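Engineer: The chain contents come next:
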Amino acid sequence: MAGSSWRQFKAILRKDLVMELRTHEMITSMGLYAILTMVVYQIALTEAGEALDVRLVMPGLIWVAFIFMSLLGLNRSFVHEKDQGCIDALLLSPVDRPVIFFAKSAGNLLFLLVVELLSLPVFAFLFLQGREGITNPIWLLGVVMFAASVGISGVGTLLATMTVNTTGKDILLAVVFVPLMYPLLRAAVGATFAAIIGGPGSVETFWAWMTWIAGFDVIMLLIAFGLYEFVIGA
Amino acid sequence: MGETSCTGRALEVQGLTRAFGVRKALDGVEFELPDGAFLSIFGPNGAGKTTLVKILTTLLNPSAGTAKVCGLDVVTDAVELRHRIGLISHNPLLYPDLTAEENLLFFAEMYGIPQATERVRDLLESVELDHRRLDITRTFSRGMLQRLSIARALLHKPDILFLDEPYSGLDPHAMDILDSLIAQIRGDHTFVMISHDLTKGLELCSHALILANGRVVLFDEKDAIDEGAFRETYRSTVGMGVA
Chain A
1 MAGSSWRQFK AILRKDLVME LRTHEMITSM GLYAILTMVV YQIALTEAGE ALDVRLVMPG
61 LIWVAFIFMS LLGLNRSFVH EKDQGCIDAL LLSPVDRPVI FFAKSAGNLL FLLVVELLSL
121 PVFAFLFLQG REGITNPIWL LGVVMFAASV GISGVGTLLA TMTVNTTGKD ILLAVVFVPL
181 MYPLLRAAVG ATFAAIIGGP GSVETFWAWM TWIAGFDVIM LLIAFGLYEF VIGA
Chain B
1 MGETSCTGRA LEVQGLTRAF GVRKALDGVE FELPDGAFLS IFGPNGAGKT TLVKILTTLL
61 NPSAGTAKVC GLDVVTDAVE LRHRIGLISH NPLLYPDLTA EENLLFFAEM YGIPQATERV
121 RDLLESVELD HRRLDITRTF SRGMLQRLSI ARALLHKPDI LFLDEPYSGL DPHAMDILDS
181 LIAQIRGDHT FVMISHDLTK GLELCSHALI LANGRVVLFD EKDAIDEGAF RETYRSTVGM
241 GVA
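Those protein sequence lines, which keep their order, are chains A and B. Going by our numbering, the first sequence opens with residue 1, and the numbers climb by one from there. Going by our numbering, the second sequence opens with residue 1, and the numbers climb by one from there.
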């Protein structure tokens, strides 16, 4: 990234951080959604009691919550740009369009990770009390969360840009985003399961799923990078 | 007429066409504007005025034809051209949750302006907003937003300023301030202004253009225009009463 592009990247990211710190719009909406989802999960699983090892379904529950919570944040991420026509002022400046993509994706990734990190203790409190904990090193969970969130924020930023000017953008983003996320979601659930359950061969299984996630991230980010100039121009 | 750093022609538009589906918002628009001129563009809603300005400011690509601004093609030289143009719109194009100073510093970074803090302070002073520099712009009145919008558009010292209905929604005091700011920088810039206000547009311009249904109905220097005939042409062509 050339010097000017790096400076512009930092400026856009800093601007998004300042506005989020001032309004708390994305983090509040995503955080509240994550907590409410977990409460609903807990109610749904109440009758299962001790008969169900919650750890077996926990990876799926976590990622369903994270995927839908990210939709809320992604929808919000371009609302600021649309307010008062700011996106036109940004596009009028001599900034390469991929720089906008990477900066917006980095901002979305950061907000997503913050909410994920805040949600996990709540999840553990609601579901893992009095049960066997996570057997593999906890950092494995951090690795899968980070890698999957890169894919979510990258693809999500591209799709949020595409849908921001459409009517019914909330629904449209979900309709396009969730099917595209299927391979990533499957791999993230697999890797999280291996990290949480542990046992023989679980670390190897974890890294096999991580290869999927890394491949998804690279391919989708390259596609998003290639398409972004066209998408934002349209 | 003042001189900017665009040598020769500020605008060269040839056969410019932009279609949205089957509807042509612009249909073979052609005109040339000399450096330092002030062009007022008139026309009813849907005439293609905003589409024309969006193409000239690189926000939209044409479907056919070419447009050069300061000798730079709006498609192939877009990045270089963006250093040379500024846009003041009826929308302020400012982030409502940033302060006046943060907004200008952000755009200063986008344009790579050296000694940005000093430049921003000078501009805030010139638009009489230095006392509100630390306030978020969501709290600003329409007139204050428009003054800040002018400061944003002038940050990188553009050669050509595009004004898209800049007087829209301003009270008389804010209009006076905008008039005064335009008068201050008139000699150093080429202006292209979209206006629904014939009186104001003709008062400011050196050249006038009427656009209707995506086509140029009239384009001429103001000195060559008979104002009565111009107003009649405007009325008959666009079917609107004059301001």
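In case anyone wonders, no lab produced these hints; they're calculated from the structure. All values reported here derive from a predicted model rather than from experimental measurement. Certain hints may be false.
Stated by the list, open to error - Below, simulated DSS-like cross-link-like pairs (lysine-lysine); rule was C-alpha separation at most 27 Å, straight line: (1) B:Lys68 to A:Lys169; (2) B:Lys24 to B:Lys157; (3) B:Lys68 to B:Lys157; (4) B:Lys222 to B:Lys200; (5) B:Lys222 to A:Lys82; (6) B:Lys157 to B:Lys200; (7) B:Lys68 to B:Lys24; (8) B:Lys200 to A:Lys10; (9) A:Lys82 to A:Lys10.
Engineer: Determine for every hint whether it applies to the structure shown.
Structural biologist: Do the hints match the structure? See the list:
A distance of roughly 35 Å separates the Cα atoms of lysine 68 (chain B) and lysine 169 (chain A); the hinted pair therefore is violated under the 27 Å criterion. At roughly 34 Å between alpha-carbon atoms, lysine 24 (chain B) and lysine 157 (chain B) are farther apart than 27 Å, so this suggested pair is violated. The suggested pairing of lysine 68 (chain B) with lysine 157 (chain B) holds, with an alpha-carbon distance near 19 Å, which does not exceed 27 Å. Among the hinted pairs, lysine 222 (chain B) with lysine 200 (chain B) is consistent with the structure: their alpha-carbon atoms are about 13 Å apart, no more than 27 Å.
Restraint check for lysine 222 (chain B) and lysine 82 (chain A): the C-alpha separation of about 37 Å exceeds 27 Å, so the hint is violated. With a C-alpha separation of about 25 Å, the suggested pair lysine 157 (chain B) and lysine 200 (chain B) falls inside the 27 Å cut-off, and the hint holds. Of the pairs offered as hints, the one joining lysine 68 (chain B) and lysine 24 (chain B) holds, with about 20 Å between alpha carbons and a cut-off of 27 Å not exceeded. Among the hinted pairs, lysine 200 (chain B) with lysine 10 (chain A) is inconsistent with the structure: their alpha-carbon atoms are about 42 Å apart, more than 27 Å.
This hinted pair checks out: lysine 82 (chain A) and lysine 10 (chain A) have alpha carbons roughly 20 Å apart, not beyond 27 Å.
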